[in-house]
Amino acid sequence: MIIRGFAHKLGDDINTDYIISGKYKFKTLDMKELAQHIFEDIDPDFIKKIKPGDIIVAGKNFGCGSSREQAPLVIKNAGLSAVVAISFARIFYRNAINNGLPLVECDTSGIEEGDELEINLEEGTVKNITKGVQIKITPLPPFMMKLLQDGGLVEHFKKYGGFSIE
Amino acid sequence: MSHKTLTEKIFESHLGREPKIGEVVVVDVDFAMGQDGTSPLAIQKFYEMGGKKVLKPEKIALVIDHGAPSPNEGFSNLHKLMRDFAYEQGLKLFDIGSGICHQLIPEYGFAGPYDIVVGADSHTCTYGAIGAFSTGIGSSELAAVMLSGKLWFKIPASIRVILSGKLPTGVYSKDIILNLAKLMGADGATYKALEFDGEVMDQLSVDARFTISNMAVEVGAKAGIFPVDEKTKAWLKEHGRECNKELSIDPLANYESTIEIEVNRLEPQIALPHRVDNVVGISEVGDVPIHQGFIGTCTNGRLEDLEIAVKILEGKEIHPKVRLIVGCASKSIYLEAIRRGLIEKLINAGATIIPPGCGPCVGTHAGIPSDGENVISTANRNFKGRMGNNKAFIYLASPATVAASCITGKITDPRRYL
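Chains A and B, in that order, give the protein sequences.
Using my numbering, read the first sequence as starting at 1061 and increasing by one per residue.
Using my numbering, read the second sequence as starting at 21 and increasing by one per residue.
Incorrect hints may appear among the rest.
In silico negatives: residues of chain B with every beta carbon more than 12 Å from chain A [unchecked claim]:
(1) G205
(2) K341
(3) V342
The calculated lysine-lysine pairs, modelled on BS3-like cross-linking and capped at a C-alpha distance of 27 Å, are [claimed, not checked]:
(4) B/K170 / B/K72
(5) B/K257 / B/K79
(6) B/K404 / A/K1111
(7) B/K79 / A/K1219
(8) B/K404 / A/K1136
(9) B/K251 / B/K170
(10) B/K40 / A/K1206
(11) B/K174 / A/K1136
(12) A/K1087 / B/K351
(13) B/K336 / B/K404
(14) B/K174 / B/K331
(15) A/K1109 / A/K1136
(16) A/K1218 / B/K174
(17) B/K336 / B/K24
Across the chosen pairs, the derived CB separations fall in these ranges [unchecked claim]:
(18) A/K1111 / B/V300: 38 to 44 Å
(19) B/P271 / A/K1108: 53 to 59 Å
(20) B/E108 / A/Q1194: 51 to 57 Å
If you're looking for bench data, these hints aren't it; they were derived computationally from the structure.
Because the structure is a prediction, the values reported are computed rather than measured.
Note that beta-carbon positions come from the ideal geometry of N, C-alpha and C, so glycine has one too.
Turn these sequences into a full structure, and let the hints steer you where they fit.
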């Protein structure tokens, strides 16, 4: 899986309330509509700044807080292709993979707003094309990789009829 | 016999063999729960997975608490989806007025020692207070549990948290967990389980322990588990569960690290906006005017919390420039608070009572602050926008500190009223 896109830089401890505010997410299951409010509480214009395929780049503990699966779904439905962060909170981590949203754990300190990145999940690398450097990533655990390659938990269940961790 | 953490003991009881920290296992889940912010998506995912019948309907509950009663038509339509699904599938439905999921699940005996319980809500870790391994999951995973009765887990390493000393007057379990958030930070226990013990346990009621386990996720933990003692057993019996098995901390178990909090050195704690780990002692807060107080939530909406607040508010009136909102964590707590005269005393002090539910804490309804206002709340999160307005400021504290602050109109040390 190779993903290419431009970086949008965010800080540490970006919680799922910031990804999609409770005041919207409880009202509808229309993720396209919810995606219009992505990151609204911390940057009201965020949705206007992104283009399809762009990548979120963050610090530590991305996705902490609420268990809302709307968070990774809103990121996907806003057209973003992946999240690269120093670390992820555990419920978000599972929810993202369960919905086929690629997550990459690596040192993001050298990545700047607007840098063009190329992620190769199989090789376990992130290339910062703008800066001409390669960053080593912490690979996904094998079962998470399998879920991601299956396209998420729904597809995994359709394929195996249950959890297939082998 | 080898030495095991509480987490290892609980997983061993399900696997029938010793688990290894870090291994991925699939286990039968003892109970699963969803609320109105997560169940509608879980129902959608259930059908997308090809689901027709919930495998074990007696092990699933759906709770309408985040917007109860419904604040708008969007919510109403999602509630209807939940009601229809629960009825068709024979699931337990807690409709409006029942209370908050994290009070109802233990209150109805759906969680107990050695159980593995999951819930599509991050604060599902609450039931660790009564010896369960319980943790928050997403909607797809709730759908998977409804379909298969199982879920996969990575066996987490554990951190032992020793609570030593004696609780000083005016310092409560909320102050302990806020102090732990300060010490560990918002990701201090990511993917780990917290396991609590120490002499302070004897001074903590089960209600008080729920407050601590509830906020384990605020330091990133997967679970926050207490051992089982006589108080746990008595509480379980009152709520229709028998427990004859011991569950105690083995100090020789393979703890990844140990943290000790000497509670006798604590003063009341406050989490400042906009982070749960941005915690200071009350003597460092300074002059902060308060416009709204909120006592309730899955963290601090239990009977003991109301009693603590009434002890401070009884015979007094809140400041004329302050609104105080109070919501009980469940119908049975609400009824008992009425019987004990607590509700009348709160209303006489100027409080507004809202139906049992989550409302103000998640910004859905029943107490959204205005631009620039300061709120002091007993909830577990103070993120920007959390209460429905990203131009308001949320301070987190114990019920005692919230009550005292509502009397004076500024953040106030409750010890002056005790």
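Worksheet entry | Pairwise beta carbon distance, A/K1111 to B/V300, judged against the given window 38 to 44 Å | Since the Cβ atoms of A/K1111 and B/V300 sit about 42 Å apart, the hinted range of 38 to 44 Å holds.
Practice prompt. Below or equal to 27 Å on CA atoms is what counts here, so check B/K40 against A/K1206.
Written response: Cα-Cα ~21 Å, so holds.
Worksheet item: B/E108 and A/Q1194, beta-carbon distance inside 51 to 57 Å?
Response: Because 53 Å falls inside the window, the suggested range holds.
Worksheet item: Lying within 53 to 59 Å: is that true of the beta-carbon distance B/P271 to A/K1108?
Response: holds (56 Å)
Worksheet entry | Pair hint outcome, B/K251 versus B/K170 [Cα-Cα no greater than 27 Å] | violated (31 Å)
Worksheet item: Given the proposed pairing of A/K1109 with A/K1136, does the C-alpha separation stay at or below 27 Å?
Response: holds (15 Å)
Worksheet item: Holds or violated: is the Cβ of B/K341 farther than 12 Å from all Cβ atoms of chain A?
Response: holds (25 Å)
Item to complete: Decide if the proposed pair is consistent with the structure: B/K404 and A/K1136, CA atoms, cutoff 27 Å inclusive.
Response: holds (23 Å)
Worksheet entry | 27 Å limit on alpha-carbon distance, applied to hinted pair B/K174 and B/K331 | violated (44 Å)
Worksheet item: Holds or violated: B/K257 with B/K79, Cα cutoff 27 Å?
Response: holds (20 Å)
Worksheet entry | Hint consistency between B/K404 and A/K1111 [alpha-carbon to alpha-carbon, up to 27 Å] | holds (26 Å)
Discussion item. Does B/K24 sit within 27 Å of B/K336, going by the straight-line distance between their CA atoms?
Written reply: Cα-Cα ~51 Å, so violated.
Checked against the numbered hints given earlier, the structure breaks hints 1, 9, 13, 14 and 17 and satisfies all the rest.
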